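**Student:** Next come the chains, spelled out residue by residue.
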Amino acid sequence: MDGVHDMGGMHGFGKVESEKNEPVFHDDWERRTYALYRAMSYAGVWTIDHARAAREQLPPDVYLSSSYYRKWELGMEKQLVEFGLAGPDELAAGHALRPGKPLKRKLTADEVPGTVTRGSFARPPQAPARFKPGDRVRTKNIHPSTHTRLPRYARGRVGVIEALRGCHVFPDSVAISKGEDPQWLYTVLFDGRELWGKSAEPSLKVSIEAFEPYLEPA
Amino acid sequence: MAQKHEHDHDGSEHSSELSEMQLRVRALETVLTEKGYVDPPALDAIIEAYETKIGPHIGARVVAKAWSDPSFKRALLDNGSKAVLALGAVNPVGDHLIAVENTPKLHNMIVCTLCSCYPWEVLGLPPVWYKAAPYRSRAVNDPRGVLADFGVKLPADINIRVWDSTAETRFIVLAMRPAGTEGWSEEKLASLVTRDSMIGTGLPKQASEVA
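Same order as they appear, the protein sequences are chains S and P.
Each step along the first sequence adds one to the number in this note's numbering, with nothing skipped, and position 39 is 39.
Each step along the second sequence adds one to the number in this note's numbering, with nothing skipped, and position 206 is 424.
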């Protein structure tokens with residue numbers, strides 16, 4: 001979706017402010033939010049793509065004015081309701097008003113060390129890769145109202161395939177519960193001027209990780 | 219007026235955010251626990267892992283090893299996940315960790331413009347600035363300006379390459395080994411490797427800074 005989360009190239013957000021000796025979390029509710037999210041993700045009801053899509057769908061003013069973990073918390077509440085795991089009445093009451101739904105699995109403390117590794121998103125391909133390193137491609141000019149990982153600044157632009165990164169679950173499909181629909185993934189390299197015109201530094205290069213359905217030959 | 223009230227209510231940059239969020243998260247945890255979805259000791263274990271075990275010291279070890287062992291460096295650049303897994307005793311990484319190398323002509327910078335994708339297996343959870351609008355918006359069109367915000371000025375003849383982490387591939391920058399570190403142990407080399415140098419918004423410390 002063409003939301004405010006898709007920020008690449010936008011102006012007006014100001015300087016990058018780095019905090020010296022920044023703690024991992026700034027408050028206890030951030031700790032709990034992060035852990036709740038990890039534990040609920042382990043249950044296997046939703047995927048990382050559902051979670052990203054839920055945060056992107058927060059109203060633009062909420063997205064922009066919320067701290068990072070507030071977005072996670074609000075996104076998680078939205079998912080719990082959408083997947084039928086909790087009711088808005090329960091979240092408002094702060095207590096369960098009905099029994100929980102059975103989940104595939106529940107994270108226990110002794111399983112935690114095995115879960116703090118990244119999941120694998122690689123899948124067997126459905127067809128041979130359409131492109132190879134060195135090929136010139138143009139990203140499609142698409143504007144789905146649902147989740148996509150093709151950023152706006154890199155749509156309709158000509159770049160070069162730099163590397164083939166294997167075949168992965170396709171977020172655009174998974175996020176709307178239409179299945180994994182695995183797709184080839186490429187690193188596509190653009191000249192800065194192709195993306196930003198003359199205002200870009202001439203030597204700038206920017207790459208995205210692009211799924212094959214985002215690309216056509218150029 | 220109604221609109222204004224709603225805005226105030228939703229606003230979160232105010233001091234009321236903490237208490238609002240503390241209450242909200244407490245309610246959420248209670249609901250999820252009572253419904254039998256989560257186990258509080260598991261939550262504690264997750265927090266402990268990210269606060270005490272997983273962090274940029276892991277990536278620093280990887281970079282220091284690459285600086286001192288040419289065959290490891292080749293393996294790392296060839297297949298980051300495989301090379302880091304082979305190191306052992308570090309957190310297992312996913313299957314798509316990619317190491318990108320800085321040279322006297324090229325500086326790499328990593329961003330996720332769409333959300334907060336970050337190689338947390340080797341760097342821990344990302345800092346706030348990495349997840350915030352100023353960095354996500356500017357890294358792709360004004361990386362030199364972003365570097366200036368970090369107090370880093372690169373010579374004009376060093377080209378900049380920005381990697382936007384738009385999929386599940388993850389990137390770590392292999393910075394150049396600082397001068398004057400010949401003969402240093404891997405452990406001492408690792409003390410030069412900053413988190414920001416592995417994101418590309420900083421450079422490693424100079425030898426004189428840790429001597």
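What the hints contain is simulated information worked out from the structure, not anything from laboratory work.
Computed from a predicted structure; not experimentally measured.
Incorrect hints may have been included.
As the list claims (entries may be wrong) - Reference listing, derived: stretches of chain P covered by chain S, where coverage requires no fewer than 3 residues with Cβ under 8 Å from a Cβ of chain S:
1. 267 to 278
2. 285 to 292
3. 391 to 401
4. 404 to 411
Unchecked claim - Cut-off 20 Å, straight-line C-alpha distance, at most; resulting in silico cross-link-like pairs (DMTMM-like, lysine to aspartate or glutamate):
5. P:271 - S:28
6. P:271 - S:22
7. P:291 - P:367
8. S:78 - P:247
9. P:423 - S:110
10. P:271 - S:77
Using N, Cα and C, we set each Cβ at its ideal position, and we do this for glycine too.
**Student:** Flag every earlier hint the structure violates by its number, smallest first.
**Tutor:** 2, 3, 4, 7, 9 and 10
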